[in-house]
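Heads up: the sequence lines are chains A and B, in that order.
Per my numbering, the first sequence starts with residue 23, numbered consecutively.
Per my numbering, the second sequence starts with residue 15, numbered consecutively.
Possibly wrong hints are sitting among the right ones.
Said to hold, decoys possible - Here's a subset of chain B near chain A, in silico, CB distances under 8 Å, partners left out:
(1) D87
(2) A168
(3) A178
(4) V183
(5) I214
(6) T240
By construction, these hints were calculated from the structure, which means they are not laboratory data.
Glycine included, every Cβ here is placed at the ideal spot set by N, Cα and C.
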Amino acid sequence: MKCDFCSEPATVHITDMSKGTHRVLHLCDGCAEQEKGGNLKAGSKIENIVKGIIAAFAGEMAGELAKLACPYCGTKFMEFRTKGRLGCPADYDVFDKGLMPLIERIHGSTVHRGKSPSRHASDSGPQAELIRLRRELRAAVDCEHYEDAARLRDLIRAKEGLHGPE
Amino acid sequence: MDLSELTGTSGEWLRGTGPESDIVISSRIRLARNLANFPFVSRASTDEKTQISDEVRAGIKETARTRPLSFVDLEVLPTLDRQFLMERQLISREQAGGDGNRGVAFAKEENISLMINEEDHLRMQFMRSGLALVETWDEANTVDDALEERLTFAFHPQLGYLTACPTNVGTGLRASVMLHLPALVITKQIEKVFRALHKINLAVRGLYGEGSQASGDFYQISNQVTLGKSEMKTIQDITAVVPQIIQYERQARQALLSEGRETLQDRVARSLGILRAARSISSEETMHHLSNVRLGINLGLIDGLEIPAVNEMFIHTQPAHLQKIEGRELDVPNRNVARATYLRNRLRDKSAEN
């Protein structure tokens, strides 16, 4: 696909929903930069730029990632692609391949250089496990599998006692 | 708490003091945090949102013992009151509009507000009058450290603090300064400043943040990047650029004075005249004229009016504030009348004192 403004290949796709109209722009890097400048003048639409970048990067990976879902919260990569929001902390590892190029593009870096919590779990596994168990509990209740639900509830309580705050 | 009590006051960050406060209205630090053992808000069930809220509130209560915070449950709060809190910048537009279990805890000085179940589980906001990002960060960092004693935040060894949107991952920090730049707007140099800021990865937004129009010639400048830079470096990068913008604005003000003192005086006096005389006035027109009046006070073209009073009028003439002050719901035409009445009273009071 070519850029709407010049003949360069389009890499950024922006959906502009402002002013009550639905406008889709396909832009090359250079024109996207300028369009972004234009948006800043109006003081808005940064969200749309980000969504455009997400769509552009996630789009390339779609074949491989389309089927991928987080085993903990159940979010699918394609849902992130359309909504721009992740489902749980574990998604950052689960969708690693799709997210890293996007993060690099947004921040120009993939390494945190700020503060660290004085106290944090060295292994985030048990935390993510709780997210999965609560989701299974919800499903069990919805399907009226009350024995499973009771078992899951006890398991969650035990784990919350171990890893959650008092 | 009774929100109506707030209508007689304004937040500390509006008091118009602090370094460079004729141009820099306020400094703000926002930190995004999420509990490690829950899904992000948009994925959380009703039960989970309640659990998140309970856990975060318990953490806040424990750490804020020496500093009482008022908690407001936004799920049951009427729309008008939510808009009122948004106009005071105590909650974000997203949180005012959202649904489900969510709330805010804030200090009576309105310099701290802790939003629960916003886009992230916890969004902490710290504000000060004038250019004071470093001091504001120190305070934010202290509160964050204290909360981390009680709560386990989602943290990744490589990516830092994990957030619902990857645009905030890393420090979760948005540092911003709110600037009043009327002379750069009048002399049409403002876009040049925006382009320069954009090149160094800083964002420019209006008075009410993302997606809002820059009314009253107020502009918020903030960092876009949250990964790969420390909090201090992020703050220093913004703090370094602000004196330049201040200098441009001052130069533009001096140019306006030296090239056409009378034209500027006329502009300021007409604006004050309209605000003092109007019987019905829109929010947009009010912001425009208040901006001219604020500029006039700072250049010594108007006597008998103080900056904090004008700062307050910018907030008190917003739609929800007018309705809270009047004590009833008003449609647009009635709001315009109430706004004009409010302004006539305020401006008459102030000039009569002189």
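What hints, given by number in increasing order, does this structure fail? As far as the earlier hints go, 1, 5 are violated by this structure, in ascending order.
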